[in-house]
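Chemist: If you want the building blocks of each chain, they are given just below.
Number of protein chains: 2
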Amino acid sequence: MTAVLGDPAPAGLLDAFWAYERALMANDLEQLDRLFADRPDTLRGDAAGLLVGHEQIRRFRGGRGGARLRTVLDVHVRVLGAEHALVVAVTELERGGRGQQTQVWQRGADGWQVTAAHVTVPAAAHDARIWRVVGDPLVRPTGAGPLDGLDVAVKDLFAVAGQPVGAGNPTWLGHAPVETTHAWAVRTLLGAGAAVRGIARTDEFAYSLAGANAHHGSPPNPRAPGRISGGSSSGSASAVSLGHAAIGLGTDTGGSIRVPAAYQGLFGIRTTHGAIPTAGVLPLAPTFDTVGWLTREASLLARVGDVLLPEVAPRPVREIVVVPELLALAEPDVAEAVGAFAASVDATTESWDLAHLESWREAFRVHQAAQAWAAHGPWLRTRLDSLGPDVRARFEAAAEITSAQAVAAAIGVASAGRTIRRLVGDRVVVLPSASSVAPLLAEDVSAVRDATMRLTCLAGLGGLPAVTVPRATEEGLPCGVGLVAGPGRDRDLLGFVRDREERLRR
Amino acid sequence: MTAVLGDPAPAGLLDAFWAYERALMANDLEQLDRLFADRPDTLRGDAAGLLVGHEQIRRFRGGRGGARLRTVLDVHVRVLGAEHALVVAVTELERGGRGQQTQVWQRGADGWQVTAAHVTVPAAAHDARIWRVVGDPLVRPTGAGPLDGLDVAVKDLFAVAGQPVGAGNPTWLGHAPVETTHAWAVRTLLGAGAAVRGIARTDEFAYSLAGANAHHGSPPNPRAPGRISGGSSSGSASAVSLGHAAIGLGTDTGGSIRVPAAYQGLFGIRTTHGAIPTAGVLPLAPTFDTVGWLTREASLLARVGDVLLPEVAPRPVREIVVVPELLALAEPDVAEAVGAFAASVDATTESWDLAHLESWREAFRVHQAAQAWAAHGPWLRTRLDSLGPDVRARFEAAAEITSAQAVAAAIGVASAGRTIRRLVGDRVVVLPSASSVAPLLAEDVSAVRDATMRLTCLAGLGGLPAVTVPRATEEGLPCGVGLVAGPGRDRDLLGFVRDREERLRR
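Chains A and B supply the protein sequences, listed in that same order. The first sequence begins at 1 in UniProt numbering and counts up by one. The second sequence begins at 1 in UniProt numbering and counts up by one.
No wet-lab data here; the hints were simulated from the structure. Mixed in with the good hints, there may be bad ones.
As the list claims (entries may be wrong) - Label-pair restraints from in silico Cβ distances:
(1) Arg-503/B / Ala-11/A: 40 to 48 Å
(2) Glu-297/A / Trp-379/B: 36 to 44 Å
(3) Pro-277/A / Arg-22/B: 49 to 57 Å
(4) Pro-310/B / Asp-306/A: 52 to 60 Å
Unchecked claim - Which stretches of chain B does chain A cover? Using the computed rule of at least three CB atoms under 8 Å from a CB of chain A, they are:
(5) 46-55
(6) 81-89
(7) 95-101
(8) 108-122
(9) 160-172
Just so you know, even glycine gets a beta-carbon here, dropped at the ideal spot from N, CA and C.
Bound-form chain A, shown alone (with noise of 0.2 Å):
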């Protein structure tokens, strides 16, 4: 029995508004469709954002399958002049909990129909698009020091204690031990008085830059709704844009922290190869794979640093560069906002002969391949069903490149590293951390991974440290300047961002 409170309800609106709700129940799109005003004004939000315009709403409920089953239990309604009303109803969930409907009805000439519309469901217990487990804290500290009270966002490639390392893939996830010991990071982190908020959904296998699991969905963008989190590191850069965690803590094989940096307006690094063991973590491709983190400011990113990186002694940041030829490899509103930190710190304009960059990216491509199937091959070659299409396939090619296409590769890739190392030689590069801003969902990222991995293939080709610092497009949307470095230079551009942002902020 509904309880109808407030004002006595003007002719019509009510039967619209049973309408609505059955259609909704039915999920009759049509009607739906014909119930919300045809406008380009017309509004609907709910927990993931507000939605402007009849059609951005009518795709959105073209996408989603249905409502969530509910009751209504009670509608209050409030005559807002001769034309338009107000109707609120309190629902309850058929699985449990209850959620509140907002709408403004405007009578016209095809009868009552709704001009906005805000909507309430039950929150979840844990938000598993970011999360396959989160604790308050999931594991405690083991010690006292630079880290106290912080929390970090564990990707879930790295051994926790107590729970399986999952990949991101449920079948994975599903013959996974029961990890007895952490991860090194891990460990590092909880004696440095951090603790472990959760374990954080990673692309499955870290064999993806887009963040889109196949599974579990895609971890919200706060600072760009309806845009990809970027992945692989997806889940950790989520929380720590959401707030839920300080520290995300992830890995870097061809962009995983760098990418979800730039589209979440992130700070992050994808540290130097080999500076940070990766004892306790899945691998991908080993001779590229890093660990790296992420924060929402330049100081706790450097601080992390200090925490997990090994003591060198330090070489302060004297000469940094931008190369035009990398500039033009991002979206020209990337290009723009990188170009401006460029010359916000005196950067110095150096021009690269990038003839062999397409070259250089085609053999990091196979030698990533052909380790990530030399290391996820023997268990996936008859469970290939169980992964998404898009990390499938990269699949499916790595399984068939050849062993002399391998060797070739890892010749090139060596030849590659070692000219990219010179070329930085003891200056800091100023490039794009990706080469646009974060893709819309419905978008297809196959021509965005090519035009990122060919600016992020160079730290990875040279092993060389890589910070990402946010800024924002004109259009106000995040995208990331990358600062790259010598190998083992990580403290030095950790301090040298730390400083300058800090001096910005003052």
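The hints should help you fit chain B onto chain A, whose structure is shown.
Modeler: Relative to the frame of chain A, chain B by itself:
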């Protein structure tokens, strides 16, 4: 920079909007009250529920200690006739994530005022009022069986391997070791195909019936918003109410399953004392402590019993009695619902002499307290400060019990138990599960606790099984019908309730 979109704003509207925003950020309660229309039908809703009337909204604001810091990104204005306007704001929270605020403004003698508002903020990583740790799942099943595909919210008194036992008290949690084996009940459920969804909040050391944990707040009561959850198996109950988990595993010493079941409209069972091993469960008062569980359906309540309870020869329920003197111990609305249930099962009315009830309850209280202090006094003695005021007062009183008092209480308990077991005999007794519906969050619950203990202590003293069947008062609030039987008749009770509820649903 805030973008203002939509219709041109009427004079004064945006000034009022920004005045409200400034007042919200400053927690200027007077100004906020002024800008909300002083009417009995003013509305304000969020994920916690819908508040109706200026007074309710004022009280809510007075109690919350300010809104989260935020920036307004976009404002959408819609003119609704001469007197009304809609303002939808997209906000960005300082801690991360975006929210939405929908407001209907009305122009009156006092200028523009809000007459309806709906607010969304980003969901937390997990609902920390309900869960200490939660996962997808936290612990995988170890076998297959009748509980395949179901998940369990485990009260934070049970050992879960890989996690410490928190007992609802952060200081205890800080000292607790990581468990290496599961409690018997957890292990048995996992073996039957269930997964552990997570570790659910409890009142501190289970020494309360309220659910209002001083450190983590009161878990929501979705069936009775604004009212307490009931405890001490509070998190398990709310998790089941909200559909976070199918099964809520808990304990019942003096009502800790029956009371939250009654308050939240769930099925629940407190088992015969000793029927289910308490190995791996933190004790409160071992002579009364029992394992129990909560579900949304009677059939699942029974199915869990098939897994956890010892197999005994079934003895069908033949005679059901209802005792007017017990009904009279409840509030009239609850007594009426319980009486109606008794009539529907053709219960025989029987009069009991309850002259000793007060002394029974007191013997229960003292015997429980003496055991609670024996169990936790050595640790708590120097840590009473770590407890919330209610539980602290109870432990402090427990510390004062002399050994003579404890012995006298134990003797009283034994004698009362014999009497109660004799009174129940081989019948089933219908009585209120709790003396009232769930008290309002702000209410002082000490009188309610005493009244409910008068009812719940009976099964406790007798070591008897008690099932709660959810019903509603005439006002529509959840209340619990209790069914108590002789020792060991848990399966008889579960089967009776399952069959009866299934008949009702046909």
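Chemist: Could you run down the list of hints and mark each one as holding or not?
Modeler: Verification of the supplied hints:
1. A C-beta distance of roughly 44 Å is found between Arg-503/B and Ala-11/A, which places it inside the suggested range of 40 to 48 Å.
2. Checked against the given bound of 36 to 44 Å, the beta carbons of Glu-297/A and Trp-379/B, roughly 39 Å apart, stay inside it.
3. Distance hint for Pro-277/A and Arg-22/B: a CB-CB separation of about 51 Å, consistent with the stated range 49 to 57 Å.
4. Roughly 58 Å separates the CB atoms of Pro-310/B and Asp-306/A, a value that falls within the hinted 52 to 60 Å.
5. Restraint check on the region 46-55 of chain B versus chain A: 5 residues with Cβ-Cβ distances below 8 Å, three needed, restraint holds.
6. Look at the region 81-89 of chain B against chain A: 6 of its residues bring a Cβ nearer than 8 Å to a Cβ of that chain, three or more, so the hint holds.
7. With a cut-off of 8 Å between beta carbons, the region 95-101 of chain B has 5 residues touching chain A; three or more are needed, and the interface restraint holds.
8. Counting residues of the region 108-122 of chain B whose CB lies closer than 8 Å to any CB of chain A gives 5, so the stated coverage by that chain holds, three being the minimum.
9. Only residues whose beta carbon comes within less than 8 Å of a beta carbon in chain A count, and the region 160-172 of chain B has 4; three or more means the coverage holds.
The structure shown violates none of the earlier numbered hints.
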